[in-house]
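*Asks:* Kindly generate the complete structure, drawing on both the sequences and the hints.
The residues making up each chain are set out below.
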Amino acid sequence: MPIEIWLIFILCVMIIASIAALEIKDILSSIIAIGVVGLGVSLSFLFLQAPDLAVVQFLFEIFALIILVRAFVKKEFHQHEETKNNLLISIVTIVVLGLLFLLSLPVFQNLPVFGQPLMTVSEYYLFHGALQTGAANLVAAIILDYRAYDTLGEVTVLFTAIIGTLSILKIRSKEKNRETSNE
Amino acid sequence: MNKEPGMTLIVKTVTRISVWLIILYGFYIIFHGHLTPGGGFGGGVIIALALLNVLLAYGKDFTRKWLNIKLLENFESSSITLFLIVGIIGMAVGGSFLFNFIDKGTLFNMLSSGTILPLNIIIGIKVAMSLFLVVLALAAYNFDKGDEQ
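Line by line, the protein sequences give chains A and B.
Just so you know, the working numbering puts 78 at position 78 of the first sequence, and the rest follows in order with no gaps.
Just so you know, the working numbering puts 16 at position 16 of the second sequence, and the rest follows in order with no gaps.
Keep in mind that the hints were calculated from the coordinates and are not lab data.
C-beta atoms are modelled at their ideal positions from N, C-alpha and C, and glycine is treated no differently.
Take the hints with a grain of salt, since some may be wrong.
[As the list claims (entries may be wrong)] FRET-style restraints, in silico, Cβ to Cβ:
| # | chain 1 | residue 1 | chain 2 | residue 2 | range |
| --- | --- | --- | --- | --- | --- |
| 1 | A | V73 | B | S77 | 30 to 36 Å |
| 2 | B | S77 | A | P51 | 55 to 61 Å |
| 3 | B | K12 | A | V113 | 35 to 41 Å |
| 4 | B | F27 | A | L169 | 25 to 31 Å |
| 5 | B | F101 | A | V73 | 15 to 21 Å |
| 6 | B | S18 | A | V157 | 27 to 33 Å |
| 7 | B | G59 | A | V92 | 22 to 28 Å |
| 8 | B | M7 | A | S173 | 22 to 28 Å |
| 9 | A | V121 | B | I89 | 25 to 31 Å |
| 10 | A | T120 | B | S18 | 34 to 40 Å |
| 11 | B | V11 | A | V92 | 19 to 25 Å |
| 12 | A | S29 | B | M7 | 20 to 26 Å |
| 13 | A | E123 | B | P5 | 55 to 61 Å |
| 14 | B | S77 | A | D26 | 38 to 44 Å |
[As the list claims (entries may be wrong)] Once the Cα atoms are required to be at most 20 Å apart in a straight line, the calculated EDC-like pairs of lysine to aspartate or glutamate come out as:
| # | chain 1 | residue 1 | chain 2 | residue 2 |
| --- | --- | --- | --- | --- |
| 15 | B | K12 | B | D61 |
| 16 | A | K174 | B | E73 |
| 17 | A | K170 | B | E73 |
| 18 | A | K84 | A | E23 |
| 19 | A | K25 | A | E82 |
| 20 | A | K174 | A | E82 |
| 21 | B | K60 | B | E73 |
| 22 | A | K174 | B | D61 |
| 23 | A | K170 | B | D61 |
[Claimed, not checked] According to the in silico footprint, chain A covers these stretches of chain B (three or more CB under 8 Å from chain A):
| # | region |
| --- | --- |
| 24 | 17-25 |
| 25 | 43-52 |
| 26 | 81-92 |
| 27 | 97-111 |
| 28 | 114-125 |
*Replies:* Following this line, the structure appears as structure tokens:
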């Protein structure tokens, strides 16, 4: 079977799962439906021959699922609220989205053929990467040699996010301890 | 039945054996980042998941005793400085920031590709420690927001 059919199948499953995640009342089922979407992304990366991205996406999906389940299952965060269906807003949204789709049809016809890279820079990496960096894995060669400065930025973003989260959580837990000791 | 924190005896016994295998696999992914799919980010998440496994099975008090949390925090904070140091050594040796100054070696060898291997290890430490420490902080906070309302 050609790879496009598999991809279309996976995309359909992901769309159904995201609709289910929005509509299901039970919070645990909703989280699992979100997990199906993430695993679909990972599987489609695998079909598109990008195992590096598939591994990272798969692992982060498991990580996020564990945190979501541990954070949300027992607690009463979630209250079911009835949404008010505003007919005017729905009609305007559908019309605008339809117009956007119709206007972007010529762009879809001009897209390059599936599987052919748009940028010629990647060809340079493919032909010279292994010799210039000595790394057999070209993804590692790009993110840690050609574009190592970008990776430094990513690590800095991660560092800042973690420091912020830790400091906020520590302040809140200290406040909670003080309240309980005063009582 | 038992008042101990964490899960049942079965889960604890399985965790005791499997955690080391998972950590070993994470190190394998990190150290072969320049040869096989994976690398610092993937391997780091695997190690963080292994520690998270201990946290879920044994509870947070045991994990705080078992691991030297202060040491992990120091690893986490120092790894980004190590990344910068590698970059600055490259600047001193080769003239540009993050220059690949170590010998490239032969293709497909374990010790090849210069600075990519040390940078992979640094990123692996960084990702593993930071993800695990955030989960530990969340576990200490206990998610009691919902009860206050």
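*Asks:* Would you mind marking each hint as holding or not holding in the structure?
*Replies:* Here is how each hint holds up against the structure:
The beta-carbon spacing between V73 (chain A) and S77 (chain B), approximately 33 Å, falls within the hinted interval of 30 to 36 Å. In this structure the supplied range 55 to 61 Å is violated for S77 (chain B) paired with P51 (chain A), their Cβ-Cβ distance being about 32 Å. At about 55 Å, the CB distance of K12 (chain B) to V113 (chain A) disagrees with the hint of 35 to 41 Å. About 29 Å separates the C-beta atoms of F27 (chain B) and L169 (chain A), a value consistent with the hinted range of 25 to 31 Å.
At roughly 50 Å, the beta carbons of F101 (chain B) and V73 (chain A) sit outside the given window of 15 to 21 Å. Taking the beta carbon of each, S18 (chain B) and V157 (chain A) are about 32 Å apart, inside 27 to 33 Å as hinted. At about 52 Å, the beta-carbon gap between G59 (chain B) and V92 (chain A) misses the expected band of 22 to 28 Å. About 24 Å separates the C-beta atoms of M7 (chain B) and S173 (chain A), a value consistent with the hinted range of 22 to 28 Å.
For V121 (chain A) and I89 (chain B), the Cβ-Cβ distance of about 28 Å falls inside the hinted range of 25 to 31 Å, so the restraint holds. Under the hint 34 to 40 Å, the C-beta atoms of T120 (chain A) and S18 (chain B), about 47 Å apart, miss the expected range. At roughly 53 Å, the beta-carbon separation of V11 (chain B) and V92 (chain A) lies outside the given 19 to 25 Å, and the hint is violated. Under the hint 20 to 26 Å, the C-beta atoms of S29 (chain A) and M7 (chain B), about 23 Å apart, fit the expected range.
A C-beta distance of roughly 56 Å is found between E123 (chain A) and P5 (chain B), which places it inside the suggested range of 55 to 61 Å. For the pair S77 (chain B) and D26 (chain A), the supplied restraint of 38 to 44 Å holds, since their beta-carbon distance comes to about 41 Å. Restraint check for K12 (chain B) and D61 (chain B): satisfied, since their Cα atoms lie roughly 15 Å apart, inside the 20 Å limit. Simply put, K174 (chain A) and E73 (chain B) have alpha-carbon atoms about 19 Å apart, close enough for the 20 Å limit, and the pair holds.
Annotation: proposed proximity of K170 (chain A) to E73 (chain B) holds, straight-line Cα distance about 14 Å (limit 20 Å). Note on K84 (chain A) and E23 (chain A): the hinted pairing holds, with a Cα-Cα distance of about 15 Å set against a maximum of 20 Å. Proximity of K25 (chain A) to E82 (chain A) is assessed by CA-CA distance (about 11 Å); at most 20 Å being required, the pair is judged to hold. Under the criterion of a C-alpha separation no larger than 20 Å, the hint pairing K174 (chain A) with E82 (chain A) is inconsistent with the structure, at around 37 Å.
For the suggested pair K60 (chain B) and E73 (chain B), the alpha carbons sit about 16 Å apart, so the restraint of at most 20 Å is met. Restraint check: the Cα-Cα separation between K174 (chain A) and D61 (chain B) comes to about 17 Å, which is no more than 20 Å; the hinted pair holds. Restraint check for K170 (chain A) and D61 (chain B): the C-alpha separation of about 17 Å stays at or below 20 Å, so the hint holds. With 0 residues bearing a CB less than 8 Å from a CB of chain A, the region 17-25 of chain B misses the requirement of three and the coverage assertion fails.
With a threshold of 8 Å between beta carbons, the proposed coverage of the region 43-52 of chain B by chain A holds, since 5 of its residues qualify and at least three are required. Taking a C-beta to C-beta cut-off of 8 Å, the region 81-92 of chain B contributes 3 residues in contact with chain A, enough for the three needed, and the coverage statement holds. Counting residues of the region 97-111 of chain B whose beta carbon lies closer than 8 Å to any beta carbon of chain A gives 8, which meets the minimum of three for the stated coverage. Counting residues of the region 114-125 of chain B whose CB lies closer than 8 Å to any CB of chain A gives 6, which reaches the minimum of 3, so the coverage claim holds.
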